[in-house]
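Two chains, two separate frames, one set of hints: put the complex together.
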Amino acid sequence: MSAGQARPRELHAGAWWIWALGLATAASRTTNPLLLCLLVAVAGYVVAARRTEAPWARSYGAFLRLGLAVIVIRLVFAVLLGSPIPGTHTVLTLPEVPLPDWARGVRLGGRVTAEGLVFALYDALKLAALLICVGAANALANPARLLKSLPGALYEAGVAVVVAMTFAPNLVADVQRLRAARRLRGRPDRGLKALLQVGLPVLEGALERSVALAAAMDSRGYGRTAQVPRAVRHTTSALTLGGLLGVCAGTYGLLADQGAGYGMPLLLAGVLAALAGLRLGGRRSVRTRYRPDAWGLREWLVAGSGAGVAALMIVAGSQAPGALHPSAVPLTAPRLPLWPAATLLIGLAPAFLAPAPPRTRGRTAPPAQARTQPHNEARTEPRTQAPTEPPAQTRTHPHTEARAHPPTQARTQPRTQKGDSAR
Amino acid sequence: MIRFEQVSVSYDGAAAPALRDVELTIPEGELCLLVGPSGVGKSTLLGAVGGLVPHFTGGTLRGRVTVAGRDTRTHRPRELADVVGMVGQDPMAHFVTDTVEDELAYGMESLGLPADTMRRRVEETLDLLGLEALRSRPIATLSGGQRQRVAIGSVLTTHPKVLVLDEPTSALDPAAAEEVLAVLQRLVHDLGTTVLLAEHRLERVVQYADQVILLPAPGAAPVAGDPAEIMARSPVHPPVVGLGRIAGWSPLPLSVRDARRKAAPLRERLADRTPPPVSPAPPAPLVPQQRPRPRLLGRRSMEPSTAPAAETSALVVRHGSLDALRGVDLRVGAGETVALMGRNGAGKSTLLKTLVGMHAPARGSARVGGLEPHRTGPRQLLRRVGLVPQEPRDLLYADTVAAECAAADRDAEAAPGTCRALVSELLPEVADATHPRDLSEGQRLALALAVVLTARPPLLLLDEPTRGLDYAAKARLVEILRVLAAEGHAIVLATHDVELAAELAHRVVILAEGEVVADGPTAEVVVSSPAFAPQVAKVLAPSPWLTVAQVRDALGLVP
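Keeping their order, the protein sequence lines are chains L and B. Everything in the first sequence is counted per the numbering used here, starting at 1 for the first residue and increasing by one. Everything in the second sequence is counted per the numbering used here, starting at 1 for the first residue and increasing by one.
Any given hint could be a false lead.
In silico contact screen, one side only, chain L against chain B (beta carbon under 10 Å); selected entries [unchecked claim]:
1) ALA144
2) VAL162
3) MET165
4) ASN170
5) LEU178
6) ARG183
7) LEU184
8) GLY186
9) VAL198
10) PRO201
11) GLU204
12) ALA214
13) ARG230
14) THR288
For the record, the hints were derived by calculation from the structure and aren't laboratory data. Cβ coordinates follow ideal geometry from the N, Cα and C atoms, glycine included.
In isolation and in its complexed conformation, chain B is listed as follows (with noise of 0.2 Å):
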């Protein structure tokens, strides 16, 4: 269905091709999967199977893209709309008209389908992707998963040979990404379209493909095979390859359903151990610091305090008539990291926004620091907390990355180069004139990580720090916000990510529709629950492992 041959793609002023010598057939009726790691060519890929490379992206391609036996260089993305639909990583940028049921139609439109055929398509659609309910309403106000689900219910309708999805689940919570997971099943299934799909969240799609197509590197021709052949050697692997792999299962399992099967030996080897803390424990609240803690780069410790970093009682968030949280009671300590979870528009993003000030409380109270963050100016609320917002690039102005860090001591009043020392600590690659734009997702969110950082504010916040961050990239924030959690830092993410939040986290809350519905240590509320368990927790259960790497401490084996 989809073939590549010779295939190379390289932009202008890039040093190095962005793909090299790809030769590709991916038959028809399969959901192939693509991995690999951030920069490797992955969108590239997908954009030259929908025509957007080179015709859009600019750049030369050499070789030949064909797709249902029409050759890309000769037909433009518009003459390969009734083959190929194409959902991009940001399903807003995807919407033009204002309507669910509009926005269904507009692919068959531009086809020019008769108006009958359009009918009943949309109305099949409708049912296939569960949006019946929803069909009348504007887009702007749907949730992640049902904006994912009619971005891929617009193309579907077109009745294309083939569906292509960049990062289809990131943005969405566990559920929202099984719902999406499930439309796609059923299309391979029951329509024989062909599915290919690059995807940083192995965890969640892995157990689903029928091949895997691995971009080892840069420029590096790509492997395709077997998933569970290509997971024994992938550089990047959900928690439960790298369960199967320390075990030595063979063959891997890619579902927590084999695994468990094959789990029952290794599950008794664990009986009598106890799983080591994930984290380090955080420091017995309210105890002012008596020995200096380890610094990360050399900076001063933290104040000793003897308040929370961070309290609300009872707080009550309104947007307009709608309330966002109601009566949230959360406590979080110094050198405690606490994850945040619940689904798409729990209130998570509007509780740490809370925190910063940029919402006033309807009613109860937050106090960061012993201060009422709305009422304090920015300043000096600077000093008191950080927030990383889902969108690092908000946070970015300046059109260099030395310009930004010397904006950011300003900011801070820090001496001149903290913020500099910070990025070459997290980021040791990037060069002074780098365009923040030009960096990739995990190098945003490290230099906005050290913006925030330059002021040393004890509580920090993160909103989503995993979108769009490949499993290196996740291995080195993880390590980061242990150092940071261990010198002091109170640390609290809004998260999706179960594996972070295992890995990570002290104490796990779960919000839904603005209450606290859970609070409790990451061991006791994740295993219990379906939606929030890690996979090793889920293969392993019912001892309350975590992590691979648990699991690889506990055998005494050598990563």
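Isolated chain L, as found in the complex (with noise of 0.2 Å):
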């Protein structure tokens, strides 16, 4: 068995994130109805077909609630607050609330027109599709994994991030834990008092976790550095806060309405140097990266699909611009222009250009189930030994061979999970 085999070969998480945010680009494009829900379809099956069993994968059904939460308040808006989309189409009149003369300009009930409401609901369906995507990049990215590919210079801040996220189920762990055993005083175990009476305790379990965290973490060698000359230093600071300088006075040139001409240039500069500085910087940083996420051919292929979906819906509006935006006034029933649809189905690319998820039933098989030789067993009968070939003396490392530790080898035959009958 090799060993790159085991580890289950993921996308790279950035990937995931061009793809996503390539249809993100493309529904930003388009108010058509049926154009947002085939992509919103595309994303949920890419989703469908290739998110894992981590814990993060589940987010995705969170961002289709928030999705529809959108149109949902985007709608309520539209028929309290009225539109000013001009409409003959009455639906429906609801009392108007007079308001005072400071406040001219917003109304309060009133006509609802059909066409205030098919235009609302085409606007929260572009929102709720944005939504959609970054969902589907955070169901199917691992954000440890992403954080890894942070350059050398914010590692750190990367570390804080990913302890903040194991930290997290930790606590509730412990409120939990805690809540339960406040049965054990005769006190009720349920309701809001409980949480609260728990706070403190868990607080105070966290700290001294962090602190228990912080010993350890500095014992393996967190937080090491290089020695960087002087000058290396200087450099940094300089290119760091001058790029972001230029990064913001860049982008405050490209919003106002003059200053376009400087706004781009500056903004390019300010990137790069600030580019330059992060890559200066992690010159301290003496760490180097276990296994880090190769960019392969595959990631290519599922970036550029994304890529490409915006690139060709950002022609198509310009080439197009009526099938894209269906008239809300007056009412016409959108049309499902073919090739703007045919551009999205790109998007389906990494429903089949990814790797396939393991399908590891026992993942979160429990403690129990990992060692599976019942040690009283061997009073009925002599301790049968599974023979089995050993891993370890299969391989040629130096400190391995053909060393049987009974104890330890006989307790560790593998049948945990599921993957590895690949072997």
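Okay, here's the thing in structure tokens:
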């Protein structure tokens, strides 16, 4: 068994994000509900086909619900506050609330037109599709591995985020344990009061754990730095600071009415300087990366499919604006423009290109099943050492050749994971 | 490899220094065991090796500690990371990443090793520790023994010259502990790693040690030497040493094997005697108590009752899709002490929690004093059953012992002062204003026990009560529990500590994968089991002797 197979091959997290952002860009270019629905379906299909059983993969459902909530809220506002869209088809008329003079321009209640509703629906659908695309990236890409791809200078910030991410589940487990323990003191273990009263012990526990973790990280070499010449350090600071200033000024130039001329070059120069600063700053860090995610052909194709969808939709937007933005005034039935719809289907590519996630049923199998040799059987029959070929012996690693250690090996006969049957 | 020169450590606000004038040398390639009662500064000494004392803990270190020639005063822990690997008491507090493989690589990444070296060492370490099958598993899903091995592996990948471990086997079942110790031995033998470990469960480790360092009392100078010599005069010693001292064997055997080879005459002397019962026999089940029983602390005795203290029939408990308990039938009568044993994750804690209503049965039934615990309100249940959880701290909310006791009285609707009286009995030396967090493990356990006993539950459950306890604290716990059993309390302990079970339990129930695989009188169950037999039973098999005290009494010796 080659070691490369053991870690389930994962697509680079960056590729998923580029793909998802490409779809999101495409979504932002159209208000055609048919295209948007098709886009959501494409994203949903890829998520369904390629998401793993990891905890973050469950976030997709939350994003779907968020998208629905956005639509509902937008429609409710359109009904209550009216819509600036002129319309002739009145659906219903709400009693209008008279507002004082200073609130002129705001309307509460009144006529609700079909045109206004349709416009609001299209608009909300676009926003929901954007959210769902981001949700798809969240569900497909492992956030910890994405952080690992950060440049070296940002590594420490990345670790802080990773630690925080593993910390939250621990905190929840603590709360549950302590709430359950209240029962042992004869106090109610349900309700808000129970939750509040365990707050202090939970925080104390969390604090103690963070101190212990900090000690462990320090003794494992976290924060070791290399000696960097003084000149390099100063250059790093200058480049980073100057770059950030450039980015700010450039962005302002782009957004402000005048100054579009110098905005773009300044922004680009700022970005370049900041990147150079980050790269130089990485020299201070001595760390290396263990099995960094490779960016291979699949990554190019997946990222390319997302970028392609975005580019083609932008082109389509300039070629056939009418098809991508069905008019609400006058009301027309949206039609499905054929070739923009076909370009969206390119976004389905990752469902076939990305490696399939391992289906590990026993993935969260409890510790009990990890060791499969019941030690009390030995009472009735001679201990049956499973006559397997220990993996250690088939290797040629210097420390491990032919050193069968009965207690260790007998108890670690792997039957723990389904993925192992690949052996 | 490790040198302590006139080292004293004092923490701010402490009356006496935690360590005083420690002079030690640990040569390369030794497995060195640090022993001593709780609170003598074992953890401080271990921390000083890795530089965590004083860089991380604060306090003042006088003298000099050098590891592989590096002075810990001038090197911060991170600068010692390539020579010292530290594994603390709780492996979960040690993990930075979320999967096994990343965790193994983490230390090397910090040191900046080249990618191909990292890859090779991860593979080597996976094999060395038998973690190959777990490489892509999330750490949160591992068992205790597996976590401990991952923690050891995660510091091994940097090839440290020194490995420092604080109680590596205390939380593990006997078999998992053997697993970890086998790994440590292999490191010492094959890689020449110097291993320094502190451990309360000497019966598990002392036979592997090359050198034992004894810290006899707080502030006293450490005594280092050959294990057999040190054990001959150590206040803490495993049962096999106790047996050897009684029998006058010299040199003192440290392993069961050595003891057995010397034990033939002793076995002959004991052949015609029958072992006295370890604990007073439980009252005959289902017979109402007639005469008043001896009372602990002058409290009222329990109401006589005909119902068993706890009874489960065909009990099934599910965690998600997993059956944690599969058809457990168990009956515990008043005055009976039952030890629940089995490997980590066998369902022991789940069974105890079901008996206090934290889990609802999926099928079958659990009854405590005739009530269904998960349908009974906490207030009512408090009078029927009390559980001291694995982490006694979970039970304690207040910031002083006195406040904790007052709260316990209120919770149990007991007369004010009930709990405090119990605490004074169990922990005579503890002051009212002490913060529960400042107590030692043993004291905290006693406080939690007092809190639980305030409501006088007829059924007392203890989950892993001896984790982190030294022999003295354990002996006191045994005394307390014996008195409670004699008063008619039914006691169920879930434990990995075979010696505790041998000393205390009338009955042993062994769980495996959620099923009862053995249930019977202690002597019958444990003597025949290689994993669960106490050391004395192993030495004196096939006669059913379980504890040193039994042998001593049978020989008519005075302790």
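Here's how the hints hold up against the structure:
{"no.": "1", "hint": "ALA144", "result": "holds, 6 Å"}
{"no.": "2", "hint": "VAL162", "result": "holds, 7 Å"}
{"no.": "3", "hint": "MET165", "result": "holds, 8 Å"}
{"no.": "4", "hint": "ASN170", "result": "holds, 8 Å"}
{"no.": "5", "hint": "LEU178", "result": "holds, 6 Å"}
{"no.": "6", "hint": "ARG183", "result": "holds, 5 Å"}
{"no.": "7", "hint": "LEU184", "result": "holds, 5 Å"}
{"no.": "8", "hint": "GLY186", "result": "holds, 3 Å"}
{"no.": "9", "hint": "VAL198", "result": "holds, 8 Å"}
{"no.": "10", "hint": "PRO201", "result": "holds, 6 Å"}
{"no.": "11", "hint": "GLU204", "result": "holds, 8 Å"}
{"no.": "12", "hint": "ALA214", "result": "holds, 8 Å"}
{"no.": "13", "hint": "ARG230", "result": "violated, 21 Å"}
{"no.": "14", "hint": "THR288", "result": "holds, 5 Å"}
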